[in-house]
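Peer 1: So that you can map any letter, position 370 of the sequence shown is 370 in this note's numbering, and since no number is skipped, the others follow by simple counting.
There's no promise every hint is true.
[As the list claims (entries may be wrong)] Derived EDC-like pairs: lysine to aspartate or glutamate, alpha-carbon spacing no greater than 16 Å straight-line:
#1 518 x 493
#2 439 x 43
#3 518 x 488
#4 439 x 522
#5 518 x 468
#6 518 x 494
#7 518 x 87
#8 439 x 523
If you are wondering where the hints come from, they were derived from the structure by calculation, not from laboratory data.
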Amino acid sequence: MTATSGCGRRGGSRPLGFQFSLAAVADYARRLRHDPTAPFDPEPLMTARDAAAVTPSQARTRPPALHGPRGLAERMRPVVAALADPDVGAPAEGPGRDRARELLDAAADVLDAVARSIRRGTPAEVRPGSTDVLRVDEEHEVLEGPARQAAERLVELLGEALEIARSGGARGRTPTLPGPAGAQCLVRPTMFRLVPVVLRAVRRELRRDSPVFRHAVRLAAVATLGYLIAARLPLGHGYWAPIASVMVMRPDFHRTYARAVARLAGTLAGVALATVTVQALGPDAHVFGALAVASAALSYTLIRTGYAYSQCFTAAYVVFLLGMGGQAWEQTVPERVVLTLLGGALAMLAYVVFPAWETTRLPGRLADWLAANGRYAAAVLRNYAEPTREHHADMRRALLASREARAAWQEAYDRARQEPVRPRGLTSREAQEAQEALKGFGRAAMLMESHVPRADSRVVPEAERFADALEADTAQAAVDVREHRNPDWGRVEEALHAWAGAAGDRSPVVRREAELQKQALEDLATAVSRTPLERDVGSAREEQRVRAAAAVQGDGSGPARRGG
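Let the sequences and hints guide you as you build the complete structure.
Peer 2: Here it is as structure tokens:
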């Protein structure tokens, strides 16, 4: 296998990832025009970051062209949110709100133009009206205070984006890749160079709580067992059973169940259709060949329409194909149906023997997200207390960890909502309210990030104490959520009260954003807290479970006998 270059007119997959990140921020800006508190989905930024990931040796020779757009998208995200937010940005109504909407619309237009430029390798073309809107007039600007600072910062970042696109709004320029002349293109690694990457990925998932590891063990056991059972049955094509299991099994129960039902229904429909056709046309190898080709074509055509439709024509294809070899439908149809049913039944049985319910893991996922958000918010606050390069790097790392924790929670929450399991630890309502509260907490930290001071700016000493209290309380609250205890924000309230009473408060906007964080934490506590009656019932149930377990073990204790 030869290495292939990642350069070209479109710049490879990494600039394509940058395009998605810029387009995502453009979409976010447009949504903020209508909903100033609209949520932001970090998935495109995470995808762009994964596309830009390189090894340390590659990073030393990485072209400068691959450093800019993704970082700009990251910096624009909190700025557009701060501009639109009615608490710390533009007013809720009036000329200021109209001006903010104009700026957001123009910013979206510029970002889309830059994204197209990176995608196509052509100069960015921005409408003249958008560039006129982005001029911040010193005398006639209606925005004031933090909103005006956000507007000026947004215009500055958009200028950097246009500069990266190598256009500046001019037409007729020759499209060139950003960066110095003669910059080396990244090379796609060969198969042998990917071996260490694969080994690291396997080692990373070799843990008991890994969904990938659990699914691999379940899949291997089911496929082996299916083949052994099918081999002992008086049927041919015993490999159909493990193939059916492998095709329907997914890491979560809901998709496995849906695919198992769809595969069985499609198989029954397909073999019925093929049987009727064979009975009507009679045995003819040429006819069977034409029907097999038509079935295969329809199977690929309908593969995105639905799994049942695709499987229907796949089953018909198998019947026609075996008919070409001289096997009658009386032989192939029962085998296909029975072995498909066996494979699907084994796949469903695997979730009974080795369950992987995400419902029971929700408190842990929520606790991880809470702790990660707390570290991110504390890192942002420490940039106000001491704006150094080290603190900025800590903020960046905490932001990425917060995104990963949020993605893990969202995946677990989506799966748990479709599992046939009684909620444990968190009800559906509590999980929904806790999710909204943590989104609000993360958004408050994002708004605070948009006003992070530069190295030469004045500092906010009160922010350090609040950061320590916030990180400590969220870390303890994460433990409380895991153990089903009510979280407490005593240190946060004390630090915020001391901040509000400090003489000569020079940061009312930052303190207001800290109050938004505290409010979000209180909403979280309201969502996950339990009343004394609920705690008593939970303790009684736990005691009953302990007694029942002791009775099963037959330890002979008095409480165990009474509990049994």
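Peer 1: Now tell me, hint by hint, if it's right for this structure.
Peer 2: Outcome of the hint check:
no. : hint      : result
1   : 518 x 493 : 8 Å, holds
2   : 439 x 43  : 14 Å, holds
3   : 518 x 488 : 11 Å, holds
4   : 439 x 522 : 13 Å, holds
5   : 518 x 468 : 14 Å, holds
6   : 518 x 494 : 11 Å, holds
7   : 518 x 87  : 14 Å, holds
8   : 439 x 523 : 11 Å, holds
The structure shown violates none of the earlier numbered hints.
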